[in-house]
Structure formats: C-alpha cells, structure tokens
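Novice: Now for the letters of each chain:
Number of protein chains: 2
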Amino acid sequence: MNFQSGTTSQQAYETLRRRFARMGQIRNALGILGWDKDTMMPAGASDSRAESIATLAVLSHELMTAPDMADLLERAQPPEDAMAQANLHEMRRQHAHAAAVPADLVEAASRAASRCEMAWRTARQNSDFASLLPELETVLSRTREIAAAKAEALGLSPYDALLDQYDAGTRQADIDPVFTELAHELPDLIATALEHQKSLPAPLPLTGPFPVAAQENLGRETMRALGFDMQRGRLDVSLHPFCGGAEDDVRITTRYEEDDCINALMGIVHETGHALYEQGLPTAWRAQPVGGARGMSLHESQSLLMEMQVCRSRPFMEWMAPRLRAAFGGASGDPAWSADNLHRLVTRVRPGFIRVDADEITYPAHILVRYEMETALVAGRMKLRDLPEAFNARIHDLLGLKVPEDRLGCLQDIHWPSGSWGYFPTYTLGAIIAAQLREAAERDTPNLMSAIAGGDFAPLLGWLRPRIHARASGASTPQIVRDATGAAPNTGPYLRHLRQRYCGQG
Amino acid sequence: MNFQSGTTSQQAYETLRRRFARMGQIRNALGILGWDKDTMMPAGASDSRAESIATLAVLSHELMTAPDMADLLERAQPPEDAMAQANLHEMRRQHAHAAAVPADLVEAASRAASRCEMAWRTARQNSDFASLLPELETVLSRTREIAAAKAEALGLSPYDALLDQYDAGTRQADIDPVFTELAHELPDLIATALEHQKSLPAPLPLTGPFPVAAQENLGRETMRALGFDMQRGRLDVSLHPFCGGAEDDVRITTRYEEDDCINALMGIVHETGHALYEQGLPTAWRAQPVGGARGMSLHESQSLLMEMQVCRSRPFMEWMAPRLRAAFGGASGDPAWSADNLHRLVTRVRPGFIRVDADEITYPAHILVRYEMETALVAGRMKLRDLPEAFNARIHDLLGLKVPEDRLGCLQDIHWPSGSWGYFPTYTLGAIIAAQLREAAERDTPNLMSAIAGGDFAPLLGWLRPRIHARASGASTPQIVRDATGAAPNTGPYLRHLRQRYCGQG
Numbered sequence: 001m002n003f004q005s006g007t008t009s010q011q012a013y014e015t016l017r018r019r020f021a022r023m024g025q026i027r028n029a030l031g032i033l034g035w036d037k038d039t040m041m042p043a044g045a046s047d048s049r050a051e052s053i054a055t056l057a058v059l060s061h062e063l064m065t066a067p068d069m070a071d072l073l074e075r076a077q078p079p080e081d082a083m084a085q086a087n088l089h090e091m092r093r094q095h096a097h098a099a100a101v102p103a104d105l106v107e108a109a110s111r112a113a114s115r116c117e118m119a120w121r122t123a124r125q126n127s128d129f130a131s132l133l134p135e136l137e138t139v140l141s142r143t144r145e146i147a148a149a150k151a152e153a154l155g156l157s158p159y160d161a162l163l164d165q166y167d168a169g170t171r172q173a174d175i176d177p178v179f180t181e182l183a184h185e186l187p188d189l190i191a192t193a194l195e196h197q198k199s200l201p202a203p204l205p206l207t208g209p210f211p212v213a214a215q216e217n218l219g220r221e222t223m224r225a226l227g228f229d230m231q232r233g234r235l236d237v238s239l240h241p242f243c244g245g246a247e248d249d250v251r252i253t254t255r256y257e258e259d260d261c262i263n264a265l266m267g268i269v270h271e272t273g274h275a276l277y278e279q280g281l282p283t284a285w286r287a288q289p290v291g292g293a294r295g296m297s298l299h300e301s302q303s304l305l306m307e308m309q310v311c312r313s314r315p316f317m318e319w320m321a322p323r324l325r326a327a328f329g330g331a332s333g334d335p336a337w338s339a340d341n342l343h344r345l346v347t348r349v350r351p352g353f354i355r356v357d358a359d360e361i362t363y364p365a366h367i368l369v370r371y372e373m374e375t376a377l378v379a380g381r382m383k384l385r386d387l388p389e390a391f392n393a394r395i396h397d398l399l400g401l402k403v404p405e406d407r408l409g410c411l412q413d414i415h416w417p418s419g420s421w422g423y424f425p426t427y428t429l430g431a432i433i434a435a436q437l438r439e440a441a442e443r444d445t446p447n448l449m450s451a452i453a454g455g456d457f458a459p460l461l462g463w464l465r466p467r468i469h470a471r472a473s474g475a476s477t478p479q480i481v482r483d484a485t486g487a488a489p490n491t492g493p494y495l496r497h498l499r500q501r502y503c504g505q506g
Numbered sequence: 001m002n003f004q005s006g007t008t009s010q011q012a013y014e015t016l017r018r019r020f021a022r023m024g025q026i027r028n029a030l031g032i033l034g035w036d037k038d039t040m041m042p043a044g045a046s047d048s049r050a051e052s053i054a055t056l057a058v059l060s061h062e063l064m065t066a067p068d069m070a071d072l073l074e075r076a077q078p079p080e081d082a083m084a085q086a087n088l089h090e091m092r093r094q095h096a097h098a099a100a101v102p103a104d105l106v107e108a109a110s111r112a113a114s115r116c117e118m119a120w121r122t123a124r125q126n127s128d129f130a131s132l133l134p135e136l137e138t139v140l141s142r143t144r145e146i147a148a149a150k151a152e153a154l155g156l157s158p159y160d161a162l163l164d165q166y167d168a169g170t171r172q173a174d175i176d177p178v179f180t181e182l183a184h185e186l187p188d189l190i191a192t193a194l195e196h197q198k199s200l201p202a203p204l205p206l207t208g209p210f211p212v213a214a215q216e217n218l219g220r221e222t223m224r225a226l227g228f229d230m231q232r233g234r235l236d237v238s239l240h241p242f243c244g245g246a247e248d249d250v251r252i253t254t255r256y257e258e259d260d261c262i263n264a265l266m267g268i269v270h271e272t273g274h275a276l277y278e279q280g281l282p283t284a285w286r287a288q289p290v291g292g293a294r295g296m297s298l299h300e301s302q303s304l305l306m307e308m309q310v311c312r313s314r315p316f317m318e319w320m321a322p323r324l325r326a327a328f329g330g331a332s333g334d335p336a337w338s339a340d341n342l343h344r345l346v347t348r349v350r351p352g353f354i355r356v357d358a359d360e361i362t363y364p365a366h367i368l369v370r371y372e373m374e375t376a377l378v379a380g381r382m383k384l385r386d387l388p389e390a391f392n393a394r395i396h397d398l399l400g401l402k403v404p405e406d407r408l409g410c411l412q413d414i415h416w417p418s419g420s421w422g423y424f425p426t427y428t429l430g431a432i433i434a435a436q437l438r439e440a441a442e443r444d445t446p447n448l449m450s451a452i453a454g455g456d457f458a459p460l461l462g463w464l465r466p467r468i469h470a471r472a473s474g475a476s477t478p479q480i481v482r483d484a485t486g487a488a489p490n491t492g493p494y495l496r497h498l499r500q501r502y503c504g505q506g
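In order, the protein sequences belong to chains A and B. Reading the first sequence from the start, the letters are residues 1 to 506 in the numbering used here. Reading the second sequence from the start, the letters are residues 1 to 506 in the numbering used here.
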C-alpha cells in the first residue's frame, strides 16, 4: 500500500499508521523488559529497570499526545477496508483515553499506586486494613479523577470509562443484568454442586514427588499439542504465572511445586490459551492498534476455554492420564492415575476465601463481590472504610463463608492498590464467553471433544483462529462473539456447563 | 542539585542532562533487548525484534539530533565540577558524531551492513571472497562517506573519525608508531617463544568429560571471587560470549563444551573483566554520557587484565588448580591437574589462522594485519579486490603461515561486513594497557600476585576501582592510564610481559 500520491486525508492516515507502529514497537520492547523483570532480572536492577520502563512509557505517551495528533485523527481517511476503518476507530479510542488525562494526573496516579502497592504488601501480611486505608484512599481518589476525566472525553460514565481501558465497549449496563442473574443463581448452584460431589467417589490423591524437570517436559508437550508455536514463544518460571512478551515472541510462565503436578500444568494450559490468542493475531496488522487483542474479556475467554472448557474436561483427561502417569512413574492400573480420578481432582469444588485458588464454580462469586464493591466505591456510593464489612457480608451471602481476617478478604488482591479498577469483571465475562465459544465450536465441529480425547486439538484451534484470533480488534467483543456463535454473549452456555459438570445435570 | 533558579546556561545544561538521561534509559532498554536476542529469543522473533531495536535506536537518534540540541550544547554551562564539565564535553562529542551524518546515510549504511552480513555468512562458508565483494564494496563506500562526514564535523582525518566512535580521542598518529614497533618485534618474539616452549615439558591433556553444570558452578564461583556482584548481573549461555545488559544489570555469557573445561572458564573471566568495569562505573553519573565506560581500548584492557594478566598467570593457577580438579573429579596427585601443567595449557603458543582462537602472543599479529588493511582501504590507498592477497602476504610476514583459503583469512571476521571499521586496533591497545596496569598495580600493591594465588582478588579490584572504573568518561584514555600508572600508554610493560611469560626472559 502506498498513499504517498493520495489525498491529504490518506496521507494523514499513513502518518498515523507510522506513528502507531512506533508505539507498537515500544510496546513490544516493554513486553520483553517486563517479562525479563519477572523472570531473569537480578534483584539489584529493580530501580534501574523501573526507570527504563518509565522512560519508554513516557516516550510512547508523548507520541500519542503529540500536538498534531487530534488534527491527524480527525482528518485521516483510511482505505476502504473494514480492518483499516477499525484501525482508525481504535486509534481514536486509544488517543481519547491518553489525551483525556493530564500528564501530572497520570504521574500522580502512578506514584500513588507504587506507594500503595508497597503498603499493601505489609498490610496484607499483617491483615491490617486500617494501615492501608490512607494510601488506598489516595489511589481511589486519583482513579476517580482519571475516571471523571475520561468519562467526559469519551462520553461515558466514570466506571464505564475505567472498564473501557481494559475491555473496549463493555459497559456496566451490559454487566449488571448478567451479574445480577449470576448472584441469584450461584448460591443454589454451589449448594447443588457440593451435594452432587458427595455422591461421587472421593478423589484419590496423587503421590509425588513430582520432579520439576518432568513437570516442565510435560508442560511443553501439552503446550505444543494445544498449538503453541515454540519458534515464536517461550515457557519460563516466575512467581506469578503470566503471558507476556512481544509480537512473534509470546512468553508464558508458570511455577512448579515438587509436591503437586496439577497446578503448574493447569497454569500452563491457562497461559497457553492467552498465548494462542496472541500467536493467532493477524500478521498483516502487526504493531497497529487494530492488530492487538480485543480486550481482557475475550483474552480471558481464551485462557479459560483452554483451561476450564478443554483441559479440566473428562475427554482431555483421557489423553492426559497416561502422560501424567508416565511422567511421574505412576503404577500402571493405579486408579489414582485414571482419567476419571484425574478429572475429579481438577473439578473438585471447595468454597474458600482466596480468589486465585477458587474452583471454577465458586470463582464467579469472588468476582461478583469485587464488582459490587468497586462500582459502589467509584460511584461514591460507598466509603472505603466500610469496604471490609461490606466485602465480608457479600462473601457470606454468596459462599456461606465468614471471612476471619482481611488478609483472606478485601486485602488479598493487588488490583485495587495498583490502580486496576474496572478490571475484575473481565474474569467472569471471559468465563461466560468461553462456555459460549466451546458450545458453538462443538456444534460446528461434531467430534471436537473426541478429537481432544485423542490428543488432536487442531479442530478447536482451527475453529478459533478465524473466528476470534484473526479478528483482533476489528470488531467489538459482542460482535465477535455473535459472529462466532450466532448469539449475543449470554449466560446460557455457562450455566449449562456448570450444571452439567458440577451438578450432574444435562 | 537544582538549577531551576539558575541562569539560562545552567538551565540549558539541566535540560541536556534530562535528555541524555532519556537516551541513557533507551540504551539500557536496548542492552536488555540485545542480550535477550542472543540468549533467550525464539528464532521466529528475529524480524520483529529487529524492528523494535531499530525503533528505539531511531527514537534515541531523534532525541540526540533534535533541532535545538546544537544551541543548548553551545549555551550550556555545567556546575564547576570536573565530572560535570566532562559530561558536557562528552555530550558535545556524542552529538557531533550523531549530527554529522544525514539520516538517509545512516539508514543506507545500516541496510548495506545487514545485507553484507547475510552475504558474508555464505561467502565465509564457501570461502568465496568474490561473491562478497559487491556487498562489501557498498559497505566500505558507505563507511567512507560516514568517515568523511564525521571527519569534517569533528576536524579529524576520516579514519580517526571512525576510531573516535569506538575509542574517544585515540588517533592513528598514536597507533602507528606502536603498531610499527610491534610489527618489528613480533616475528622474533614468536620465534623465540616457540623455541622456549620446546624446552618445557609438553602440557598433559585433561581428560573429560566436563559436565556443563560443573563448569557453570566453577565459572560462577570464579566470577564471584573476582568481584562480580551477582545481585547486579547474570551469567548465561550464548553462541558468542559477550558482556551486555544494562546499568545495575551487567550480563555476561559464555559457551560450554563437554570435552573442554578451560575455554568456557577463560571466556567467563574475560567477560568478567568487562563486567567489573561496568559494575564499577560511578552511580552518581548513571545514564549520563560521562558515566559510561571510556572506550573500547580501556574496556578491552579490563577484560584482558583479568583473562591474560591474572587468570592465565601461574599464581592464579595455584588457586584454580584444586578447584578445577575437584569440579571434574581429577585424581589427587595427577600431574595433569597441577598448577604448573594448567599454566602451561593456558599459555601454549601455536600460530594459527583464526584470530579468535589465537594465543596471547600471536594475537596482535592478527590485529596488525587488519589495522594495516583497513587504514589503507578507508584512505583509498588500496582496492578491496586486492584485499585477500595483501592480507595473506602480511599474515605470512608476521606469522609465517600461508593462508590456504579466504575462509581462514580475510573472510573470518564479521567486523568489516557489519560496518565496524576502526574497531580492530582497540583489541591490541587494550592488551598493551592491561600489561601496563598490571605492572603498576603490582608496584603499588606489593603482594598482589600472592594474594591472587590465595584467591584474594580484592586488592586488585580495590586498585582498579578508583583509578579506572570510577573515572568512567571523566578523562581521556591516555590521561586515565597516565594517572593510574604514572606513564603514558606505552608498549614497555606489554613486551616485558610477553618476554617473561613466553620467552623465559626477565
């Protein structure tokens, strides 16, 4: 494509394309620096690395908010193709977010978050919410100022402006009815699941040790089977598993424990779901806004599709059971290593306090509580000092648990101290979409799950590639889901899935 | 320091300080991206990584050549301290280099080098100089254009302008007499060394295998003993050993072979010498031009001081011998693992064709030949098509070897194809300085070598830190050497060292 001889508005688009490509390359660099920070960096380099990362972030922000950007974005006329049009749309959205917030507020918010994160580490350890309150008040104030600024610029409510940072186009008005329905269904659903679980044989424990090298080998084999391209990515170790890296260089991490062989594996398949999305983004739109993943709900749908819908399924365990047994020297015929037992192990229901340790069916309860709290806090309908009581009350309503200390309650997550308000709902929206995609993929691909039982994941990936991955940010999340499944995002498949897997229904 | 309330010229300096700090942080980011490329990056990411690296390099170049830079550099008045004055001096020098070359020439040179490097890999494999000639002509033309542009801007000869890129202030007029002297001395020196070697017992080979894990452990132990701070650096594996990374994050690499336990270790101590320099740079001048290493000669002096002067010495082997033997399960009393035998192994003289495999005493011959060739080529006194014949003739003069094919001659190094003209002499200048520093350190620290024999490297590092490392780019290389040793850089200590170690003289 060459717009050199085109009109002014085409040249404006071309100028934007080049500038956003630069920002894209800075983002790639930041992706590698961030990965390195969490996997390779020696401890003494943390201040220096923070400076390098901050410098690149500021350079990118300056490119985005250059004085002539608004004019270019207004004048730009992309070619007559849907992706190019969507690219301009996404450029405008990203620019609106960046330009809405004055630089000094960005910096104040970033400093407040850094201080609050530090305070949070101590406060969580000591289960001392009062000690965190002043710092968290500051973070919430800055967050509300950012929300107000973006709300005005984008014509959204403050909370919707925050949501839009993580999930373009997702609105509170879409989430509220869905989460209200879930809040209504969940307590019964969990009770039924616990009842049903009693009717099953108790899962047999696996006996270790489970050497790290064997876990890693099996993890790599599984990644490759799911479709991860090792020529364009890596698997490493970090304290908290993540999917990061850069274009053509998608890097996932996990953490191994010698006395457990399931957690690291499930972590790997979860991050592999994220990674397959990144590896499937369209190469023609590299480094452009439209070429990036659509948002966190769809991203989480891909990780949960792989982990929850696929790898915690009974058919998957058909394939995995002999591999697990061989990797860790289990006796042939030992019922602990049977697919049935392994499936029971990875679908055990046990209500608990900690979100990241929650099973599939109690997990949304944790999200609902956080969503209720943060919408009220951002709207100013609730005071931060009232958070612990309100949080614990709703945990009790939904899970029947009495939170004994804030360490196990509202102090457990880093999201709020670090300024990530509006992020939590994407986890459960992702779970809902994952179920809907799996149902549609099975409908379109009759032997999908039996292929998986035979270790053939290509039909699934072949279904996802054009329908989800290759669409990148070319349409809204609801549109992509509708085009892929024939229906708007809805809780039907998700509730059916939970009832079927955990309640023995259907 | 706060210049906000100062005069305009102080504010100009402060503005420059902030801009150069940004460039310093981009350099840190590039250091990690470069390290990652050679140690961690999956193969499929190479194009994408090249884009990210190019983008950061262009951003840095744009900061350096911003329209108001020349004016700021002219007006700037730093505080009355020598390092700040030197900082401005170094800012001006770096700016002059960057501003001298038009952007399209920078790009043309970079493209020519990329193409030529690719052609070189094939040409070297096939020993086919003719196939490389067109691409190498282009690289040389672009290099001569850059040299001419910088020569005019800096008031230097073209070759001096190239040299100055790698080694600020080093001039051909300084090198010529030194290298002429070496060219005169070397053939006899090598002949004498080979004669002397015949009078010694033949070194006994070490019997392997030498497991990589044991080599790595010993390498780390040695690094730490030499003074490497593992909290601010790493050791990894790459195809070609290097020292890279970023401030507070100095990363060295080596390559292990299971059938040899000496090469990787000597690679590690060489790179540790580079790394100790970087780790010893003054923290107060982080990310500023004056805070960087002085140049490649001094850098190479630090690696060769550690490798050649220290770790291939008989006293070092006193300390190392029992460690090597223990690491690889040698029998106690086996003479192969004695300090004497190990010393003979690491000081063996064997004239050969390949520079990077050369021993200490024949190495400078390889450099002299390359220096003669590249000065003649840059000056236009020689045609590239005549290079192989001229190269081989001089190898024969200095080493008595007849180069059988260009793969083993002028095609062996990547420097010329990649556009690094003016780099070669720094290797031998570094070797000369290393000997001079060792002699001075021994004079100032009477038991230096016996401390080393006992594994105590702190006196040596204590001597180097204030005299070399902490001075960073605060003075010229000759000035730093003069202040450290009491004499201008000269070949006396180097020739004494070679005669003593290899000819049994003195």
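In short, the hints are calculated from the structure, not lab data. Keep in mind the model is a prediction, meaning the values are calculated, not measured. Glycine included, each C-beta is placed from N, C-alpha and C at the ideal position. Careful: at least some of the hints might be erroneous.
To be verified - A few chain A residues that face chain B, going by a derived Cβ cut-off under 7 Å, partial list only: (1) GLN25; (2) ALA43; (3) ALA50; (4) GLU195; (5) HIS196; (6) GLN197; (7) ARG232.
Novice: Checking against the hints above, which ones are violated?
Specialist: 3, 4, 5, 6
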